[in-house]
Amino acid sequence: MIRSTFLRGLAFGLLWWILAEGRLDGWLLGGVAVAAATWTSLKLQPPGKLPMRLAGLVRFLRFFLWNSLRGGFQVAAMALRGRAALRPGIIELRVMLPPGEARILLVNALGLMPGTLGVDLNDTSLRLHVLDDSLPVVAETRALETSIAGLFGEAP
Amino acid sequence: MTTLVLAVALFLLANLAVALIAAARGPTAADGMLVALLIGTTGTGILVLLAPVMHLPALVDVALVLALLAAIGGIAFAKRAWQRTEGEHD
Amino acid sequence: MIEWLSMALLLVGAFFFFAGTVGLLRFPDVYSRLHALAKADNLGLGCVLLGLALQAESIAVALKLLLIWPLVMAASAGISFAIARRADRLGITPWRQERP
Chain A
1 MIRSTFLRGL AFGLLWWILA EGRLDGWLLG GVAVAAATWT SLKLQPPGKL
51 PMRLAGLVRF LRFFLWNSLR GGFQVAAMAL RGRAALRPGI IELRVMLPPG
101 EARILLVNAL GLMPGTLGVD LNDTSLRLHV LDDSLPVVAE TRALETSIAG
151 LFGEAP
Chain B
1 MTTLVLAVAL FLLANLAVAL IAAARGPTAA DGMLVALLIG TTGTGILVLL
51 APVMHLPALV DVALVLALLA AIGGIAFAKR AWQRTEGEHD
Chain C
1 MIEWLSMALL LVGAFFFFAG TVGLLRFPDV YSRLHALAKA DNLGLGCVLL
51 GLALQAESIA VALKLLLIWP LVMAASAGIS FAIARRADRL GITPWRQERP
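Protein chains in written order, with the numbering used here: chain A, 1 to 156; chain B, 1 to 90; chain C, 1 to 100.
Next comes chain A alone, as it looks inside the complex:
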């Protein structure tokens, strides 16, 4: 409890420092804001129940950033070539991830990954729109699922 209060307070303090652009003249207001934010955060998400793993978070962020970079390059090249570059289609896949946050993150994150866009999600399957169905979109989706599973500590 003391440890997570300290760590969260530190994180909110850093956030305040960034928002105040490094100035220290507003520290009184900042201190109140940091204390309020820390208290709210402890109320809403009590320590010890944090659903994510730090190592998984780092790996997920690296995966996500790299693939959104690839996705941006790919779609920019397609845009410059026009609709002749497209071979769009809808595909349906079985979802491997358990219901809940992991699935919501998956279907949303797909929109920034190369060639894929989440369209619908139900109890068992995921509908995707793909820009080019000859690209390895299924493998990309599975890789994202593995990364998200690691984030929530459900790695196989």
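Mixed in with the good hints there might be a few duds.
As the list claims (entries may be wrong) - Example chain A residues on the side facing chain C (calculated, C-beta under 8 Å, incomplete):
{"#": "1", "residue": "W17"}
{"#": "2", "residue": "I18"}
{"#": "3", "residue": "L19"}
{"#": "4", "residue": "S41"}
{"#": "5", "residue": "A79"}
{"#": "6", "residue": "L80"}
{"#": "7", "residue": "R87"}
{"#": "8", "residue": "G89"}
{"#": "9", "residue": "I91"}
{"#": "10", "residue": "V107"}
{"#": "11", "residue": "A109"}
{"#": "12", "residue": "G111"}
{"#": "13", "residue": "V119"}
{"#": "14", "residue": "L131"}
Said to hold, decoys possible - Estimated spans, in silico, between C-beta atoms of each pair:
{"#": "15", "chain 1": "A", "residue 1": "M1", "chain 2": "B", "residue 2": "L6", "range": "29 to 37 Å"}
{"#": "16", "chain 1": "A", "residue 1": "K43", "chain 2": "B", "residue 2": "V62", "range": "26 to 34 Å"}
{"#": "17", "chain 1": "B", "residue 1": "V35", "chain 2": "A", "residue 2": "L80", "range": "22 to 30 Å"}
{"#": "18", "chain 1": "B", "residue 1": "L13", "chain 2": "A", "residue 2": "P136", "range": "31 to 39 Å"}
{"#": "19", "chain 1": "C", "residue 1": "T93", "chain 2": "A", "residue 2": "A84", "range": "16 to 24 Å"}
Stated by the list, open to error - Residues of chain A clear of chain C, computed beta-carbon distances all greater than 12 Å:
{"#": "20", "residue": "R3"}
{"#": "21", "residue": "L7"}
{"#": "22", "residue": "W39"}
{"#": "23", "residue": "L44"}
{"#": "24", "residue": "L93"}
{"#": "25", "residue": "R94"}
{"#": "26", "residue": "M96"}
{"#": "27", "residue": "P98"}
{"#": "28", "residue": "D123"}
{"#": "29", "residue": "A143"}
{"#": "30", "residue": "T146"}
{"#": "31", "residue": "A149"}
FYI, nobody ran anything at the bench for these hints, they're computed from the structure.
Please read these numbers as outputs of a predicted model, since none were measured by experiment.
We put the CB at the ideal spot given by N, CA and C, even for glycine.
We have chain A; now place chains B and C onto it with these hints.
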């Protein structure tokens, strides 16, 4: 340097104008919703670029608030869509 | 050196915004337009923010600029899924390439 930043800001503004018109005229009802996406990305881009050009550092705060509202709005939007998916069995 | 890198990033950012707009104009349906806007514009914004952060007068200001990026990414991801799902529910069928 300032000239380049201003040029990029104006270029993004031109992009935004063209894109907004294209989205609004789009063939289907869903094309109009693309406007929500454009405001978040291009809108924040223009704001942060104008901050150094106009010597108004507060514009970065405006951009941050716009991004924050867009994020909350986007997450709420997606969550609603997802919850309805869970509820309906069709 | 940093000045040049920053200018290059701003120009690359402008290019990706341009690519996003070109995609919006040239792609045939709302789904492929969503791909173009979400992915290209986000990368463009990332480049612009990084370019400006390199010129910022303090680390705190640079970090504040970079804080904007993940927020806009979350917004774009959520909004594009919501629009795609809505379009699907409205019965808008995706455009398909005619194949020989």
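Here is what the structure says about each hint:
no. : hint                           : in the structure
1   : W17                            : holds, 6 Å
2   : I18                            : holds, 5 Å
3   : L19                            : holds, 7 Å
4   : S41                            : violated, 17 Å
5   : A79                            : holds, 3 Å
6   : L80                            : holds, 6 Å
7   : R87                            : holds, 5 Å
8   : G89                            : holds, 7 Å
9   : I91                            : violated, 11 Å
10  : V107                           : holds, 6 Å
11  : A109                           : holds, 6 Å
12  : G111                           : holds, 4 Å
13  : V119                           : holds, 5 Å
14  : L131                           : holds, 5 Å
15  : M1(A) <-> L6(B): 29 to 37 Å    : violated, 51 Å
16  : K43(A) <-> V62(B): 26 to 34 Å  : holds, 30 Å
17  : V35(B) <-> L80(A): 22 to 30 Å  : holds, 23 Å
18  : L13(B) <-> P136(A): 31 to 39 Å : holds, 38 Å
19  : T93(C) <-> A84(A): 16 to 24 Å  : holds, 20 Å
20  : R3                             : holds, 25 Å
21  : L7                             : holds, 18 Å
22  : W39                            : holds, 22 Å
23  : L44                            : holds, 18 Å
24  : L93                            : holds, 15 Å
25  : R94                            : holds, 19 Å
26  : M96                            : holds, 18 Å
27  : P98                            : holds, 19 Å
28  : D123                           : holds, 15 Å
29  : A143                           : holds, 17 Å
30  : T146                           : holds, 19 Å
31  : A149                           : holds, 18 Å
In terms of the numbered hints stated before, the structure departs from hints 4, 9 and 15, listed from lowest to highest.
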